[in-house]
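Student: Next come the chains, spelled out residue by residue.
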Amino acid sequence: MVISDKAIKYGNNVNTDVIIPARYLNTSNENELAAHCFEDLDKDFIEKSRNSKIIIAGENFGCGSSREHAPISIKASGIKLIIAESFARIFFRNAINIGLPVISNPEAAKNIKDGDNIEVDLDRGFIKDITSGKEYKTNPFPEFIQKLIENGGYVNFVKAEALREN
Amino acid sequence: MGSQSNKPQTMAQKILAYHCGKEFAEEGEIVNANVDLVLGNDITMPLAIWEFKKVGLKKVFDVNKIAIVPDHFTPNKDIKSAEQAKLIRIFAREYNIKNYFEVGCMGIEHALIPEAGLAVPGNLIIGADSHTCTYGALGALSTGMGSTDIGMAMATGKTWFMVPKTIKFNFNGKLNKWVSGKDLILYLIGKIGVDGALYKSMEFTGSTISGLSMDSRFTMANMAIEAGAKFGVFNVDLKTKEFLRGIGKKESDFSIFKSDENAEYEKVYDFNAGEVDLLVAAPHLPSNVKKAKDLGDVEIDQVVIGSCTNGRLEDLKVANDIIAGKKVNKNIRVIIIPATQKIYLDALKAGFVENFVKAGCVVSTPTCGPCLGGHMGILAEGERALSTTNRNFVGRMGHPTSEVYLAGPAVAAASALTGRISIPER
Ligand code: SF4
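Which chain is which? The protein sequence lines are A and B, in order. In this text, residue positions in the first sequence follow our numbering: the first is 1, and each later residue adds one. In this text, residue positions in the second sequence follow our numbering: the first is 1001, and each later residue adds one.
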């Protein structure tokens, strides 16, 4: 899969409370959640996300609560991919489970600038910064995680297993 | 239970291996393990149920191994949250879930689950709540996951784990007056940062830890996630066993796992507990730790004593020792929330509740409430709270310009009396 779009850049320790504040967690509706995505961090996010669909961030992206509402609200707001220096583990897992690709690549995350045009090839494992001309190699996911992604997320994976067992 | 394999293992490796029917779990390996309990609350369970139903099964994997605790927005704060709570209540009835805790029996999940005997040493527990790591205090492996993971585990009784490396934290020496588990864990997070133990298992040992109460151990394990960790574990000792006896458990009800002497740690930290003062984490990260006495004059609008971190009886006792017979500062609101019905009742019997009310505090039924900015004490624009909870991110307790300082119960109670961040008088 190839994803190419413009980058929105954020800093370190972007936590789930600023991704989707708890005051909006009285719903699970993805569009309602998307309407408040990043509201406490960046008031212009929704406007920006119309033309920029790749998030670049620093260390420990998605730290804090286990709310799956966080990756859901990001995905529902149209974001196609997140590249960060590192991810908080629950967020990473949640994103994979719902089929939002996340790549941890410190070098790319540090160097890519807000507004850069980016092209990412998930299968071949490279990130290209078209604006600066730099290229970065990414590590392939562990085999099990690849299987989850191939199945289109954890639910489909479990469904397939359940069918096989019956 | 010792390792039958020759290679030394940590507690985390052993418990994971045991739950996959293996003798050895390699660090970095992805394993599919059987879990002993799957937990969710009124925020995360609706999504988990949604995902569970997609699989199309008629039954959950085990009606006794799922716990549903509506604790975040309950007693319901508005119509939407009432709908969410209704959804999980109906699911619990339809699927015959044994451990559903209705308002009135409900407590904050991470205080309630150990009290209800649903977490014992050697267990592997997952919950759709990041502070599920709390049960590490009992020598169990427990960790937070998202709703999809929880939904799938409700279907299969299993989940996947990457076997983590372990970092060991030795605390030795005697604690200073009023210093508790909260100060130890804030101290540690202040040293290693909010991602200092990312993906790792934290193991807490040393003479200070052996002397520490179970309530303080729960507080420490609870905040392992604030250092990015997957697990935060303690060894089972006499104190653990006494706690387990108190809730009616026999030795045959649990299994004790211990890291091998020569197990490999990614890192070992040695801390002198005598150096730990009464601490606070200033806005907006739990790692922004300072000595309470060095803060200068920080005026506050609200004090909250409660949550899954510090809403247990020991915390209320400390608050009572400081507040009883006095009046709280008239410029601030003081909200005290016993974490479970049992703790509430114990505090009532001990006379704490009466002392709090007389001093001018609000005493609430168990709820997460203000801890996540849900209800029962939301901060207005520019307001400042001192809270015994675990997160002080931007907007955590209300308006995005409001501020949260985190501390243990002693600093919270002392500050309730003065209206500014304070330490107790000698
Ligand atoms: S008390 Fe706070 S941290 Fe604990 S479970 Fe409730 S909302 Fe989460």
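Note that these hints are calculated values from the structure, not bench results. Incorrect hints may have been included.
[Unchecked claim] Sample of chain A residues at the chain B side, in silico, Cβ under 10 Å: (1) Asp40; (2) Asp44; (3) Phe45; (4) Ile46; (5) Ser65; (6) His69; (7) Ala70; (8) Ile90; (9) Phe92; (10) Asp116; (11) Asn117; (12) Asp121; (13) Leu122; (14) Ile149; (15) Ala162; (16) Arg164.
C-beta atoms are modelled at their ideal positions from N, C-alpha and C, and glycine is treated no differently.
Student: Hint by hint, say whether it matches the structure.
Tutor: Hints and how they fare:
The criterion of a C-beta within 10 Å of any C-beta in chain B is met by Asp40 (chain A), whose closest approach is roughly 4 Å, and the hint holds. With its C-beta approaching chain B no nearer than about 14 Å, Asp44 (chain A) sits outside the 10 Å limit, and its interface hint is violated. With 10 Å as the threshold, the beta carbon of Phe45 (chain A) stays out of range of chain B, its nearest partner Cβ sitting at about 14 Å, so the hint is violated. Among the interface hints, the one on Ile46 (chain A) is violated; its C-beta lies about 16 Å from the nearest C-beta in chain B, farther than the 10 Å criterion.
Hint status for Ser65 (chain A): holds, given a least beta-carbon distance of 5 Å to chain B, under 10 Å. Interface restraint check: His69 (chain A) against chain B, minimum CB-CB distance 7 Å, threshold 10 Å, status holds. At about 9 Å, the closest approach between the beta carbon of Ala70 (chain A) and any beta carbon in chain B falls short of 10 Å, and the interface hint on this residue holds. For Ile90 (chain A), the interface hint holds, the least distance from its beta-carbon to any beta-carbon of chain B being 6 Å, beneath 10 Å.
The beta carbon of Phe92 (chain A) is positioned within 10 Å of a beta carbon in chain B (closest approach about 9 Å), and the interface hint is therefore held. Checking Asp116 (chain A) against chain B: minimum C-beta separation of about 25 Å lies over 10 Å; hint violated. With a least beta-carbon distance of about 29 Å to chain B, the hint placing Asn117 (chain A) at the interface is violated under the 10 Å criterion. Given hint, Asp121 (chain A) at the interface with chain B, is violated; its Cβ is 24 Å from that chain's nearest Cβ, farther than 10 Å.
The beta carbon of Leu122 (chain A) comes no nearer than 19 Å to any beta carbon in chain B, farther than 10 Å, and the hint placing it at the interface is violated. Checking Ile149 (chain A) against chain B by beta carbon gives a least distance of about 13 Å; that is not within 10 Å, so the hint is violated. The closest approach between the C-beta of Ala162 (chain A) and any C-beta of chain B is roughly 6 Å, which is under the 10 Å cut-off, so the hint is satisfied. Interface restraint check for Arg164 (chain A): the shortest CB-CB distance to chain B comes to about 12 Å, outside 10 Å, so the restraint is violated.
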